[in-house]
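Protein chains: 2
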Amino acid sequence: MGMGSCRTSSQDTVREKYDTEAESYSRGSNQFVTAIRSFPILSFLLFAGCAANSGVEVVGDNFETPQPAKKLVIAHRGASGYLPEHTIAAKAMAYAQGADYIEQDLVMTKDDRLVVLHDRHLDTVTDVASVFPGRARDDGRYYVIDFTLDEIRQLSVSERFELEDRVATPVFKDRFPLWKSSFRVHTFSEEIELIQGLNKSTGKSVGLYPEIKSPAFHRDEGKDIASAALDVLSEYGYTSQSDDVFLQCFDPYELQRIHADLMPAKEMDLLLIQLIAASEEYQSLLSADGMKQLATFVDGIGPSALLLVEKDSTASGIRTTGLTAFAHAAGLKVHPYTFRRERDQMPPYAKDYDDLLTIFFDEVGVDGVFTDFPDLTVQFLENRR
Amino acid sequence: MGMGSCRTSSQDTVREKYDTEAESYSRGSNQFVTAIRSFPILSFLLFAGCAANSGVEVVGDNFETPQPAKKLVIAHRGASGYLPEHTIAAKAMAYAQGADYIEQDLVMTKDDRLVVLHDRHLDTVTDVASVFPGRARDDGRYYVIDFTLDEIRQLSVSERFELEDRVATPVFKDRFPLWKSSFRVHTFSEEIELIQGLNKSTGKSVGLYPEIKSPAFHRDEGKDIASAALDVLSEYGYTSQSDDVFLQCFDPYELQRIHADLMPAKEMDLLLIQLIAASEEYQSLLSADGMKQLATFVDGIGPSALLLVEKDSTASGIRTTGLTAFAHAAGLKVHPYTFRRERDQMPPYAKDYDDLLTIFFDEVGVDGVFTDFPDLTVQFLENRR
Chain A
1 MGMGSCRTSS
11 QDTVREKYDT
21 EAESYSRGSN
31 QFVTAIRSFP
41 ILSFLLFAGC
51 AANSGVEVVG
61 DNFETPQPAK
71 KLVIAHRGAS
81 GYLPEHTIAA
91 KAMAYAQGAD
101 YIEQDLVMTK
111 DDRLVVLHDR
121 HLDTVTDVAS
131 VFPGRARDDG
141 RYYVIDFTLD
151 EIRQLSVSER
161 FELEDRVATP
171 VFKDRFPLWK
181 SSFRVHTFSE
191 EIELIQGLNK
201 STGKSVGLYP
211 EIKSPAFHRD
221 EGKDIASAAL
231 DVLSEYGYTS
241 QSDDVFLQCF
251 DPYELQRIHA
261 DLMPAKEMDL
271 LLIQLIAASE
281 EYQSLLSADG
291 MKQLATFVDG
301 IGPSALLLVE
311 KDSTASGIRT
321 TGLTAFAHAA
331 GLKVHPYTFR
341 RERDQMPPYA
351 KDYDDLLTIF
361 FDEVGVDGVF
371 TDFPDLTVQF
381 LENRR
Chain B
1 MGMGSCRTSS
11 QDTVREKYDT
21 EAESYSRGSN
31 QFVTAIRSFP
41 ILSFLLFAGC
51 AANSGVEVVG
61 DNFETPQPAK
71 KLVIAHRGAS
81 GYLPEHTIAA
91 KAMAYAQGAD
101 YIEQDLVMTK
111 DDRLVVLHDR
121 HLDTVTDVAS
131 VFPGRARDDG
141 RYYVIDFTLD
151 EIRQLSVSER
161 FELEDRVATP
171 VFKDRFPLWK
181 SSFRVHTFSE
191 EIELIQGLNK
201 STGKSVGLYP
211 EIKSPAFHRD
221 EGKDIASAAL
231 DVLSEYGYTS
241 QSDDVFLQCF
251 DPYELQRIHA
261 DLMPAKEMDL
271 LLIQLIAASE
281 EYQSLLSADG
291 MKQLATFVDG
301 IGPSALLLVE
311 KDSTASGIRT
321 TGLTAFAHAA
331 GLKVHPYTFR
341 RERDQMPPYA
351 KDYDDLLTIF
361 FDEVGVDGVF
371 TDFPDLTVQF
381 LENRR
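Which chain is which? The protein sequence lines are A and B, in order. With this note's numbering, you'll find the first sequence wraps up at 385, consecutive numbering, no jumps. With this note's numbering, you'll find the second sequence wraps up at 385, consecutive numbering, no jumps.
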C-alpha cells in the first residue's frame with residue numbers, strides 16, 4: 001500500500017488505547033490543549049473525498065434533538081470492572097449484564113493466530129516472565145508475536161498490574177484481586193463462538209466490537225493482521241453492515257485500506273469505527289472537515305471522552321467541544337471511551353457515574369459508550385426510559 | 001466410621017442428582033408412587049434424636065404464612081441454561097444474573113484435588129475419550145478419580161451430551177452448542193477465588209453451595225472427600241453458619257458424620273442440606289418424623305421438586321404433598337431442584353416458568369430453588385416485590 005513507510009512502531013505505540021486512557025485524568029494540566037496540535041501523517045486525508053456516507057442519518061449540530069436509535073452499551077474488554085479484562089469469564093459476565101456489543105482487542109501470535117489481548121505485550125496481565133524467562137526483547141517486554149498459541153495457552157491471566165521495583169501492583173485496586181482463580185488467553189474464534197453460542201441459548205443478538213491492534217507493528221513483523229481478522233469474521237458469518245459488528249482501529253491508514261481494498265476483495269462490507277486518542281496526532285481530524293473526510297471510509301468514531309467535553313467544564317457548566325456535532329453532521333456515530341465508576345477515573349465535572357452518563361448521553365449526545373461497567377450503564381439507560 | 005459396609009457404588013449412583021433429574025418428567029407414569037417406597041439403609045435414623053435444631057424459625061404447617069426471609073436463588077451448576085455447566089464462565093454469568101448462591105459439585109482426582117464436575121465420569125462433558133483413549137474402566141466410563149489434575153486440565157469441556165451410537169447429541173438441544181468456544185475443568189479453590197474475587201469487585205456477598213458427590217464411592221477408592229472439602233472451605237474462611245455456605249449431600253450417613261465428627265474436629269459449624277431424590281431409598285424420610293430426625297444433624301433439605309407437589313395436580317388444582325410443611329415444622333429450610341424453563345423439563349400442571357415459580361414459592365412455600373436460569377428467577381422475585 002505504500003502507507004507504512006512514514007510510520008514507526010513508536011508512533012503506533014502512541015495510538016494504543018490503554019496508554020492514552022491510563023493518563024486520561026491524571027495529568028491535571030492542559031492535556032486537551034496538547035491534544036489538538038498537529039498529526040502530519042494524516043495530511044493525505046485532505047485529498048480524500050468529502051461526501052458523507054449515504055444512507056446514514058445526519059442529525060446536524062443540534063445534538064439534543066431526540067434520536068430514535070438505541071444508545072449502545074459496549075463492554076470494554078468485557079465486564080472488566082469486575083473480572084480480569086478480556087477473559088472468557090469477563091465476556092460471559094458482560095453478556096449477562098446486558099451489553100449490546102462486546103469488545104475484542106486483537107493481537108497476532110508467532111504462528112499467525114489472533115488472540116484477544118489488549119497489549120502487544122504479555123507481561124502486564126500474565127505470568128509470562130516466570131513461565132518463559134529469557135524470552136523478553138531488549139526493551140524487557142514479552143511480545144505476543146514472539147510466542148506460539150500453544151505457548152500462550154500455558155499462561156495464567158491475572159487482573160492487570162504494573163511492575164514497581166519488580167513488585168506487581170494492581171492498576172485498579174478495588175477490582176478483582178491479582179492472580180486469583182483460573183483464567184487463560186483465548187482466540188478470537190473462541191470468543192466469537194462464546195457470543196454466538198450465547199445468542200443461541202438466550203435468544204438475544206449481542207454484537208462484536210473487534211479492534212485491529214497496531215497494524216503497522218504487525219506489518220513490520222511480516223503479518224497482515226487486518227486481513228486475518230476479516231477472514232475470521234467472514235468465516236463466522238460477519239460480512240455485511242447488518243451483521244452486528246463494528247470493526248475499530250486507531251490507524252486511519254489501515255481503516256482506509258480495509259474500506260477501499262480488503263473488504264471489497266473479500267466481498268465484505270462491515271461498519272468501521274475510527275478510534276481517536278486525546279493526543280497530538282489526531283489534531284487534524286477534530287473539525288467539521290476532518291469528520292467529513294473520515295466519513296468517506298468509516299461509519300463512526302470512537303474518541304477519547306476527553307475530546308468531547310471541554311476540560312475546564314464544571315458541574316454547573318458543561319461545555320461540549322463540538323466534535324460530536326461535527327461527527328453527527330457528517331453522518332458518523334459517536335462511541336467515546338472509557339466510562340468507569342471509579343472516582344479517580346472520572347472527570348472533575350461529573351459528580352458520580354450516573355451524572356457522567358447523563359452528561360454524555362444527554363448534553364453531549366453520544367450514540368454509545370465503551371464502559372468497564374456494563375451493568376451500571378444498562379441500568380442507567382433502563383431507568384430513564 | 002463403619003457406615004460404608006452396607007452401601008455399594010451402585011446404590012451411590014442412584015443418589016447422583018443428575019440421573020434422577022434427567023428422568024424427572026419423562027417417565028410419564030407413576031414415578032412419585034415408586035419414589036416413596038422404602039430406604040432400609042436409613043433405618044439408623046430411628047435411633048437418632050428427634051429434637052429440631054434450636055435457633056431456627058419454625059413456621060409450622062401453614063406454609064402460606066408470610067415469611068420474612070429472602071427467597072434464595074441457587075444457580076444450579078452455574079447459569080447452566082446458557083453456558084456449559086460448571087465452567088468458570090457459567091459461574092461468572094450466574095453471578096452477574098444475581099444468584100444468591102452458586103453450586104459446586106465436587107469430585108476428587110487421582111492426586112486428591114477437588115474439581116468442580118457433576119459426574120464421577122468425565123465422558124459426558126469433556127473430550128476425555130479422544131485425549132486419553134484406553135483409560136476407561138471395564139464399564140466404558142472414564143472416572144475422574146483415575147486422572148490427575150494435570151491430565152484433567154488438558155481436556156476441553158462441552159455442553160452436556162449423550163452418546164447415541166457413538167454420536168454425541170446434546171441433552172438440552174436449545175442450549176449452548178456442543179464443543180464451541182473454550183472451557184476447561186477447574187478446582188474448587190479456583191471457583192471459591194472467583195466468587196470471593198467477585199464479592200470484592202462488586203461489593204456483593206454471593207455464597208457457595210458445594211455438594212459432596214458420592215462419598216461412599218470415594219471411600220471405596222481410599223479417599224475422604226468430605227474431609228477434603230471441609231479443609232478447602234476452612235482454608236478460605238468458611239467455618240461458621242454465618243459464612244454464606246450451604247454444604248449439601250445425598251448421603252445422610254455422610255452428613256451425620258460431617259455434623260457429629262468432622263466439623264467438631266475441625267472447629268467448623270456450617271449449614272448442612274440433606275438432598276432427597278424422588279427414589280425409593282428416601283421413603284423413610286418423607287414424613288413429619290423423618291424431618292424431625294433429619295433436623296438433628298442438618299439445617300434444610302434439597303428435595304426433588306417432584307416430592308413437594310402431587311403428580312396428578314392440575315393447573316387449577318395444585319395439591320402439595322405435605323413434605324414442605326413437615327420440613328418447616330422441624331425447622332428445616334426447603335430448597336428443591338431443578339427449575340428449568342424448557343417445556344419438556346416442566347411438570348404438566350405449570351403453564352410456564354413463571355407459573356412454576358408461583359406454584360412453588362407461593363403455594364408450596366419453598367425457601368429457595370435450584371435453577372438453571374438464575375436470571376429468570378431473580379426477575380420473577382423482583383417483579384413481585
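These are computed hints drawn from the structure, not numbers from a lab. The reader is advised that the hints may include incorrect statements.
Which copy is meant is left open, so a pair is good if it fits within one copy or across any two.
Simulated crosslink set (BS3-like; lysine-lysine; CA at most 30 Å straight-line) [what the hints assert, rightly or not]:
| # | residue 1 | residue 2 |
| --- | --- | --- |
| 1 | K173 | K311 |
| 2 | K71 | K204 |
| 3 | K223 | K71 |
| 4 | K351 | K204 |
| 5 | K223 | K70 |
| 6 | K351 | K180 |
| 7 | K180 | K110 |
| 8 | K200 | K173 |
| 9 | K351 | K200 |
| 10 | K173 | K266 |
| 11 | K311 | K180 |
| 12 | K180 | K266 |
| 13 | K200 | K70 |
| 14 | K266 | K351 |
Hint-by-hint comparison with the structure:
no. : hint           : verdict
1   : K173 with K311 : within (26 Å within a copy, 53 Å between copies)
2   : K71 with K204  : both (17 Å within a copy, 28 Å between copies)
3   : K223 with K71  : neither (36 Å within a copy, 55 Å between copies)
4   : K351 with K204 : between (34 Å within a copy, 23 Å between copies)
5   : K223 with K70  : neither (37 Å within a copy, 56 Å between copies)
6   : K351 with K180 : neither (32 Å within a copy, 43 Å between copies)
7   : K180 with K110 : both (28 Å within a copy, 24 Å between copies)
8   : K200 with K173 : between (36 Å within a copy, 10 Å between copies)
9   : K351 with K200 : between (40 Å within a copy, 23 Å between copies)
10  : K173 with K266 : neither (44 Å within a copy, 34 Å between copies)
11  : K311 with K180 : neither (38 Å within a copy, 46 Å between copies)
12  : K180 with K266 : between (42 Å within a copy, 25 Å between copies)
13  : K200 with K70  : within (22 Å within a copy, 32 Å between copies)
14  : K266 with K351 : neither (47 Å within a copy, 49 Å between copies)
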